[in-house]
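Enquirer: Fit the two chains together into the complex; they arrive one by one in their own frames, and the hints show the way.
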Amino acid sequence: MSSTPNLDDLYQEIILDHYRKPRHRAAELVPHDVHVHHANPLCGDELDLRLRVDSTDSSAPRVGEVVYDGDGCSISMASASAMTEAVTGRELADADDLGEAFRLMMHGEGLKREDDLLDGVAFQGVAKFPVRVKCALLGWMALKDAISTYRAGNQEHRVTHD
Amino acid sequence: MLDVETVRKDFPILERQVHGRPLVYLDSAATSQKPQAVLDAMDRYYEQSNANVHRGVHALAEEATEAYEHARGKVARFVGADPRGVVFTKNATEAFNVLAYSLAANRLGDGDILLSTQMEHHANLVPWQLVQPRAGFEIRYIPVITAGPEAGTLDLDAFDEIVATGRVKLLTVTAMSNVVGTINPVAQMAARVRNANAEAVVVVDGAQSVPHLPTDLLALEADFLCFSGHKMLGPTGIGVLAGKPELLDDMPPFLGGGEMIANVTLEGTTFNEVPYKFEAGTPPIAEAVGLGAAVDYLSALGMDAVRAHEVALLEHVLPALNSVEGVTVHGPAEPSGRGAAVSFAVEGLHPHDIGTIMDREGVAVRAGHHCAKPLVRLLGSAATTRASFYVYNTVDEVQVLIDAIEATKRFFAR
Chain A
1482 MSSTPNLDDL YQEIILDHYR KPRHRAAELV PHDVHVHHAN PLCGDELDLR LRVDSTDSSA
1542 PRVGEVVYDG DGCSISMASA SAMTEAVTGR ELADADDLGE AFRLMMHGEG LKREDDLLDG
1602 VAFQGVAKFP VRVKCALLGW MALKDAISTY RAGNQEHRVT HD
Chain B
368 MLDVETVRKD FPILERQVHG RPLVYLDSAA TSQKPQAVLD AMDRYYEQSN ANVHRGVHAL
428 AEEATEAYEH ARGKVARFVG ADPRGVVFTK NATEAFNVLA YSLAANRLGD GDILLSTQME
488 HHANLVPWQL VQPRAGFEIR YIPVITAGPE AGTLDLDAFD EIVATGRVKL LTVTAMSNVV
548 GTINPVAQMA ARVRNANAEA VVVVDGAQSV PHLPTDLLAL EADFLCFSGH KMLGPTGIGV
608 LAGKPELLDD MPPFLGGGEM IANVTLEGTT FNEVPYKFEA GTPPIAEAVG LGAAVDYLSA
668 LGMDAVRAHE VALLEHVLPA LNSVEGVTVH GPAEPSGRGA AVSFAVEGLH PHDIGTIMDR
728 EGVAVRAGHH CAKPLVRLLG SAATTRASFY VYNTVDEVQV LIDAIEATKR FFAR
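If you're matching them up, the sequences are chains A and B in order. So the first sequence is numbered by my numbering: it starts at 1482 and just counts up by one. So the second sequence is numbered by my numbering: it starts at 368 and just counts up by one.
Next up, chain B with everything else stripped away, as it sits in the complex (with noise of 0.2 Å):
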């Protein structure tokens, strides 16, 4: 078990009070807070080792490289990938960019299902939306399921059904909701559309999971993993494609410039060994430290740790919120199906009101779509408030957030 009051001290921004109260940091799944060892690595290596990579005799210019390279192999290690299938990128957005453009538009045809599900964050929609007309093949989501026990899971006999056409050739599932927290079955359903066609590759979103669950690239059965730098405590202007070198070396690349090639002449251009061939023009070297300092944070923490702090957490969070009444909470309602992204709707109250009313108390919590607008138009709502915990958040703060919620009721029961 870690301990919080420890891990709190690592995050300077904790010490600083918004009007006038205490910062009580529920927005995590948005953005997470750094600690001092992340902003620390950045600076040294601004002080002492910048230079640009992979160019360049001087010893700064090696040191840089080193640098980058170093933080290359954590983020490999820390998700269980080879060093050569880790992509470093601008963020998980950017990475499911470079699949859907590399990957989906040349894998994919007529006749393919790229399979999906209504659960996705719109960087898991978009990409693939954009090149669908010209790749020509056929989108598909796996129904979420909106009432019952089984409320805010994937629909995993739908998911069957269309599995069971063989003509699955995609299947990109986030493993981790963002808005209502469900952990879905990814190693599951990857061997099933593998099964049923030896040629599917499987694409995870990793971009809630990687941060707060502990991460194995080959036990998710995944190809490609997307997930991005500041939602794991380190810097923004980072994020990760992680997948298997070998398909990726099939890949055409994304973007052109510097550092992706081999060689360039004006008639052609032949390209450099992945993953640098996915990596054009000079890439975000600091940046790239800061994820190597957070991850040895979060390694330091261990991802059992991260994880048993939230499920604990979430055992305070879930009871409490639904004996609020008038309060019902979206997604899961068992700490082991989900993790500590947590929405909910206060009836007669509209999330953006809540929000301003209870950032006055200090509270930071996130009103909106969450970038996930097909799945809160199916919780029956255009917006929903969502509280969602990190390693430095307290059982205590649940009782802020508690009391936050019924503040706002009162002052618009006034």
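Pulled out of the complex, with its shape left as it was, chain A reads as follows (with noise of 0.2 Å):
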């Protein structure tokens, strides 16, 4: 039988905080770039993100503003949350890898750029309850679609994670 991680290492202060006073979260963005749908049909978890995208001629395209709304676990929303404050003022190809490195975060596969995730260091113990790692990258993997999105020129996009 496998030794049971502690609670706390699932909700860390830090992941409670974000989920009483979630950072960007708002229903709307005037105006904004992109908007996507995110659902983990398994456990019913839904959010929407949106995404202005701040370029000029000159410099790469950067995250201008992102904000989510949602229905979902504590988990799931204070993770969101912290990845928006991680991302904003990024360039997308900046963004996107600091999505990975949060990915490899959360799959054990070793920590990069915790100084750059900012609060989202703080999910590391999620990893330990398996069954709460989509959870916490559903707010990331509905980011990366909309940076996706964005650079195939298009405006909506739906997803429904297996």
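A hint or two may mislead.
What the hints assert, rightly or not - For each label pair, taking beta carbons as the anchor points, the in silico distance ranges come out as:
(1) 1535/A x 692/B: 43 to 53 Å
(2) 1507/A x 558/B: 48 to 58 Å
(3) 585/B x 1509/A: 54 to 64 Å
(4) 583/B x 1509/A: 30 to 40 Å
(5) 525/B x 1535/A: 19 to 29 Å
(6) 672/B x 1599/A: 57 to 67 Å
Since the hints were derived computationally from the structure, they do not count as laboratory data. All C-beta atoms, glycine included, are put in the ideal place defined by N, C-alpha and C.
Expert: So, in structure tokens, the structure goes:
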């Protein structure tokens, strides 16, 4: 029988703080370039993410502003909240790279860009609760999808995860 | 009244601990635990009689065939069906698929209504949806009342209006909701549908009712009843389609292969008689034996006693949940109108968080949409927490559940 990870590994104070006082949680963003809707059908979690991309001729496009809204557990909503803080202002390619660092961390494959993830680092402990990993990834998956949707020249995308 | 402490001794898994606490298993609507008698029956079959059925002339083949057919007889008696109308499938879902592809796709067409409800499990929604485009019938859903004293029950006025069209050719309805526990007036609905259209066929989802209520196919006025073994103390891997042999006779086979044939040539095939026509390939033999033992176990307890035990638990759990601040219980308020699957919401808390924290207390509940997304949406959310009770649950466990909810609230309020 596996050892029992501590509940405090899952629900760190930083995570509960994001859950109680969400950052950049909003049902609308005016104007925005992309809106994506992501659902985890197995648990019923749903998340809307809106992204405004700031781009000028002289610089690479950046995350101008990103907001999320949704119906989900504390882990999924808090992770999306922490994600918005970590990626705002970053170049799109850089935000993608940071998302990959988060994904690897959640799968127990090392901790990279610890300082850039900001409060996202607090979700490390979720990796010990395999059934909750997909909750923590939902917001980051939505961001990744929003960026690729933007790059493809589209404004809307809906994804249902397996 | 059954003696729950004696019953508990028959279930070895109840002795284990989870995260250092005694297991409080409140997820029997997903799958039930198995008594020693079921485990022993399956072991004995493999240790002493294992062979393939309906073929071979040796002693083991005869014993295996007899054990398999004996189990069919037990299951038939348990639900008041003709053994020739008892088809073993791999689960209740497969039973619905047999009916969708072999019955609905042939019997229903343009202008016909297949009438279902908003309360159904996906197993009783998706198969019909899959065959609908080819067959051309219309699917209508009886609404679920969402507010007031009748919340969580079917809107029977709306049902009557649809039935009055005279176009309902198939009614499919759950006898007991797996989410909110509602016991539906199946016999009354079946009679009304038949009055309006003598050719109508009635299908009942018994996955939740057969394990928990005395069941009689005739009393239900149903043509077909679908249920699964693993929710009624039996093993996984076996389900049952119980129905009228003459209707099964008229239906083409669903799956083809060995066992279901009378004669095969390279030019074509004639089919075996029912129920074998619908049992292609080597069937779940040990599982049937296990299900037969489960039926024996439930019959020895007595299904009236099983129901009385659950009503007694509901009389504790419903007021206890309602007394917790911020808790809303879904479905009928009175134990008489419902089964022991109890979904609830806790204000400000997500079911997954509740489920994770309860797990730490040793309490196993289900968090999610319970494979009934349309109904859970109607309840105003994407997920609920569900505690479901069975023969081995105690009043003390109700208190553990309530304490665990309070602990979860404290955890998130800190």
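Enquirer: Now tell me, hint by hint, if it's right for this structure.
Expert: Verification of the supplied hints:
no.: 1; hint: 1535/A x 692/B: 43 to 53 Å; result: 46 Å, holds
no.: 2; hint: 1507/A x 558/B: 48 to 58 Å; result: 53 Å, holds
no.: 3; hint: 585/B x 1509/A: 54 to 64 Å; result: 58 Å, holds
no.: 4; hint: 583/B x 1509/A: 30 to 40 Å; result: 56 Å, violated
no.: 5; hint: 525/B x 1535/A: 19 to 29 Å; result: 52 Å, violated
no.: 6; hint: 672/B x 1599/A: 57 to 67 Å; result: 59 Å, holds
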